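A.B. asks: Okay, here's what each chain looks like letter by letter:
Protein chains: 2
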Amino acid sequence: MENNGHIQSGKYAADISSIKDAKLRIESFIHKTPIMSSEYLNSVSGRKLFFKCECFQKGGAFKFRGASNAIFSLGNDQAVKGVVTHSSGNHAAAVSLAAKLRGIPAYIVIPKNAPDCKVENVRRYGGKIFWSEATMQSRESVSTKVMEDTGAILIHPFNDGRIISGQGTISLELLEQIPQIDTIIVPISGGGLISGVALAAKAIKPSIRILAAEPRGANDAAQSKAAGRIITLPETNTIADGLRAFLGDLTWPIVRDLVDEVIVVEDKEIVQAMKMCYEILKVAVEPSGAIGLAAVLSHSFQQNPAWKDCSNIAIIVSGGNVDLGILWESYNK
Amino acid sequence: MENNGHIQSGKYAADISSIKDAKLRIESFIHKTPIMSSEYLNSVSGRKLFFKCECFQKGGAFKFRGASNAIFSLGNDQAVKGVVTHSSGNHAAAVSLAAKLRGIPAYIVIPKNAPDCKVENVRRYGGKIFWSEATMQSRESVSTKVMEDTGAILIHPFNDGRIISGQGTISLELLEQIPQIDTIIVPISGGGLISGVALAAKAIKPSIRILAAEPRGANDAAQSKAAGRIITLPETNTIADGLRAFLGDLTWPIVRDLVDEVIVVEDKEIVQAMKMCYEILKVAVEPSGAIGLAAVLSHSFQQNPAWKDCSNIAIIVSGGNVDLGILWESYNK
Chain A
1 MENNGHIQSG KYAADISSIK DAKLRIESFI HKTPIMSSEY LNSVSGRKLF
51 FKCECFQKGG AFKFRGASNA IFSLGNDQAV KGVVTHSSGN HAAAVSLAAK
101 LRGIPAYIVI PKNAPDCKVE NVRRYGGKIF WSEATMQSRE SVSTKVMEDT
151 GAILIHPFND GRIISGQGTI SLELLEQIPQ IDTIIVPISG GGLISGVALA
201 AKAIKPSIRI LAAEPRGAND AAQSKAAGRI ITLPETNTIA DGLRAFLGDL
251 TWPIVRDLVD EVIVVEDKEI VQAMKMCYEI LKVAVEPSGA IGLAAVLSHS
301 FQQNPAWKDC SNIAIIVSGG NVDLGILWES YNK
Chain B
1 MENNGHIQSG KYAADISSIK DAKLRIESFI HKTPIMSSEY LNSVSGRKLF
51 FKCECFQKGG AFKFRGASNA IFSLGNDQAV KGVVTHSSGN HAAAVSLAAK
101 LRGIPAYIVI PKNAPDCKVE NVRRYGGKIF WSEATMQSRE SVSTKVMEDT
151 GAILIHPFND GRIISGQGTI SLELLEQIPQ IDTIIVPISG GGLISGVALA
201 AKAIKPSIRI LAAEPRGAND AAQSKAAGRI ITLPETNTIA DGLRAFLGDL
251 TWPIVRDLVD EVIVVEDKEI VQAMKMCYEI LKVAVEPSGA IGLAAVLSHS
301 FQQNPAWKDC SNIAIIVSGG NVDLGILWES YNK
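Each protein sequence line maps, in turn, to chains A and B.
Position 138 of the first sequence, counting from 1, maps to 138 under our numbering, and the rest follow consecutively.
Position 249 of the second sequence, counting from 1, maps to 249 under our numbering, and the rest follow consecutively.
Just so you know, these hints were derived from the structure itself, not from any lab.
Check the hints yourself; a few may be wrong.
For identical chains, the list gives no copy identity; a pair is met inside one copy or between any two copies.
Stated by the list, open to error - For lysine-lysine, the following DSS-like pairs were computed, each having C-alpha atoms within a straight-line distance of at most 27 Å:
1. K48 - K100
2. K48 - K32
3. K275 - K32
4. K81 - K145
Because the structure is a prediction, the values reported are computed rather than measured.
Using the sequences and the accompanying hints, generate a full structural model.
C.D. replies: Quick look at the structure:
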């Protein structure tokens with residue numbers, strides 16, 4: 001595992017230099033998100049926990065960092081015909097918002113089973129919606145058609161150096177806000193977030209541990225780490241709708257080399273952690289956003305002697321876009 | 001209406017001097033709560049909105065400011081036998097926590113119909129619970145018995161200069177954080193919060209407007225302002241469980257003189273504003289905490305020419321303690 005702090009430039013799709021460039025490019029657009037903490041959750045976990053609240057980021061998730069870095073990296077000739085992406089979630093809203101700020105069209109291919117609130121976010125930021133079936137095949141074929149028709153350029157949600165670099169700006173902020181951090185727990189899906197976070201954090205502070213948090217029903221990253229190669233799953237089954245993607249060829253090498261462990265948690269642990277985020281922190285998170293807290297409270301983390309001296313732990317609360325319709329219905333009865 | 005900035009010292013139960021003293025007394029215990037904002041909510045309301053998030057205060061509500069000021073104001077001889085209060089809500093948790101920090105017992109009389117999450121908060125902070133019936137008569141008689149048995153001193157939730165002064169520290173922080181504020185919208189119940197906020201804000205910035213937000217089903221403050229005397233209601237009916245109290249003899253003169261208007265909103269407007277707090281701001285608020293946003297979006301505020309030039313509006317998000325059981329049940333199905 002390469003965690004001695006000397007990460008060879010050019011080895012991966014991004015590095016500390018591209019992440020610092022991303023920061024300069026996007027810092028006037030993004031929110032510097034606050035760190036929340038709770039003495040109660042510290043006592044429950046036996047550690048000092050620092051919640052980096054990317055749910056307060058524009059668009060309600062960290063995705064705006066990568067999307068704005070990618071979109072503002074485009075030359076005018078590339079940008080003029082707009083951008084396209086296929087996503088059921090936070091990346092779609094982030095691309096819509098970043099494109100709006102750049103003054104170019106965003107074409108968003110959304111599978112018909114996407115959560116209402118995430119579709120609503122795309123509309124709010126002016127993305128032009130094209131519907132697809134839920135399958136990846138349908139998403140990709142509709143996207144290809146849109147690209148052919150419009151000349152728009154594809155912004156991939158994670159397997160892209162500009163996206164990874166944008167997400168990595170979280171670590172630059174975090175280590176400035178709380179320099180004593182010794183561990184960062186990051187939700188893992190396609191790997192864009194954790195790749196950027198790991199590259200920046202280990203470049204700045206080589207001793208830092210990067211732990212991934214993954215739901216049991218979409219544990220391709222844990223399986224990939226165990227097998228030493230990318231494993232994809234025939235299907236996924238988790239309430240964490242943001243964590244269903246699989247690693248890509250650009251994120252996998254970074255995850256393989258820089259992620260110290262993938263902690264797998266059950267959906268019921270995610271719900272319990274969500275409850276704590278709402279009831280203790282008063283922060284409205286989506287299931288994916290709560291998985292870091294679920295991981296730190298899990299038996300497998302708490303009992304692992306390797307993590308016994310993880311004392312100052314940052315938890316990336318990745319997003320807060322969740323349908324709470326049942327709650328509003330209960331009030332309106 | 002006395003809003004020319006010259007508020008006579010000693011006229012009310014608190015003043016800018018007692019509020020500044022409170023700040024010095026409590027600032028090492030309390031959180032300086034952050035201000036949140038949303039470009040989307042600014043565009044919806046046509047104003048710049050600054051949400052002062054007291055839901056992130058210790059204990060999940062502004063109440064900890066007043067409770068800690070009152071409890072740390074006590075002489076050792078007064079404090080030694082502990083404190084007592086009767087409350088179904090946030091004041092009870094706040095008194096428990098402040099007493100715990102002072103190292104004295106807190107006896108909390110709780111009506112049997114209190115929300116679970118608020119009882120849980122009292123337990124979390126080590127308050128000793130005594131149950132009463134839901135009526136004020138039962139609450140008071142149980143409290144009296146506890147005082148007789150223990151020698152503990154009563155900490156009233158709002159009708160007390162030390163409580164008013166503690167709550168007033170919000171304005172000191174707010175006007176330091178966002179000096180351009182021209183209007184503050186504050187939930188009103190017993191009047192402790194708005195009294196402190198108004199006294200401090202109008203002392204510092206005489207031109208500032210203080211608007212109260214009150215639910216239709218507990219609109220005693222609006223009726224009192226209209227009648228020129230304290231009006232109490234035979235019953236209340238609102239989802240905002242924190243806003244059911246009536247003005248007291250110490251808060252009424254301040255509300256009468258310094259509150260520019262009471263904006264009355266419907267429960268359905270409160271639910272709509274809660275939804276926006278969760279979905280847009282990603283902040284978990286209780287109904288009472290969302291009422292300020294409901295007020296600024298209401299027809300009666302938006303159409304009133306008197307508030308046309310309210311451009312930079314602070315909204316006090318008073319608390320975030322709410323039972324979301326139905327949500328967790330839906331996930332655990």
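A.B. asks: All hints are to be evaluated individually against the structure, with a verdict given for each.
C.D. replies: Right, here's what the structure says about each hint:
1. K48 - K100: between (39 Å within a copy, 21 Å between copies)
2. K48 - K32: both (21 Å within a copy, 19 Å between copies)
3. K275 - K32: both (25 Å within a copy, 24 Å between copies)
4. K81 - K145: Close inside one copy (14 Å), not across copies (76 Å); limit 27 Å.
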